[in-house]
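Heads up, the sequence shown is in my numbering, so the first residue is 29 and it goes up one at a time.
Bear in mind the hints are in silico, worked out from the structure with no lab data behind them.
You may find that some hints are simply not true.
What follows is a set of in silico ranges between Cβ atoms, one per label pair, in the way DEER data are often shown [as the list claims (entries may be wrong)]: (1) Ala53 <-> Lys110: 17 to 25 Å; (2) Gly41 <-> Gly136: 27 to 35 Å; (3) Arg69 <-> Gly136: 31 to 39 Å; (4) Val109 <-> Glu87: 18 to 26 Å; (5) Glu118 <-> Gly41: 14 to 22 Å; (6) Asp98 <-> Gly52: 29 to 37 Å; (7) Ala82 <-> Gly56: 16 to 24 Å; (8) Ser147 <-> Gly72: 30 to 38 Å; (9) Ser147 <-> Gly52: 17 to 25 Å; (10) Glu118 <-> Ser66: 16 to 24 Å; (11) Asp135 <-> Arg69: 17 to 25 Å; (12) Glu118 <-> Phe32: 30 to 38 Å; (13) Pro85 <-> Asp135: 18 to 26 Å; (14) Glu101 <-> Thr55: 27 to 35 Å.
Nothing here was measured: the structure is a model prediction, and the numbers come from that model.
For glycine and all other residues, C-beta sits at the position ideal for the given N, C-alpha and C.
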Amino acid sequence: PAAFDVLIGSSWGGAVAAALIAEGAWTGPAVMLCPALSELRRHGAIEAIVDQIAALPAERKAQCLIVHGDADETIPVADSVKLCAATGIELEVIEGGNHGMGSIAADGRLLRFAERVVSSEA
């Protein structure tokens, strides 16, 4: 298989990935798992990040994917639904998925999600 670079962040790492994308520090494909962006409210940064991502060109947003389990009790899936509605980033909801999302790594879905955002680079 071909090698490729994809930023993958889970929970707080997903929020950091979103911040890097918003600031333009990461311009490649990204998969954010259950991003804890709501935690950034404490730091007053969430609105700026959402606005900056929403302003990105559609081609750039197509390189990004948010994946969230509908059984996540740590960061509600509703947070990602709102984030995707506000930014235009695609959301993949994992039925029965919890916050750890280990099942998608084990069954190969995480790799397929990474390949999907990489294929959007063209």
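Structure-inconsistent hints, enumerated in ascending order:
Hints 2, 11, 12 and 13 contradicted; others consistent.
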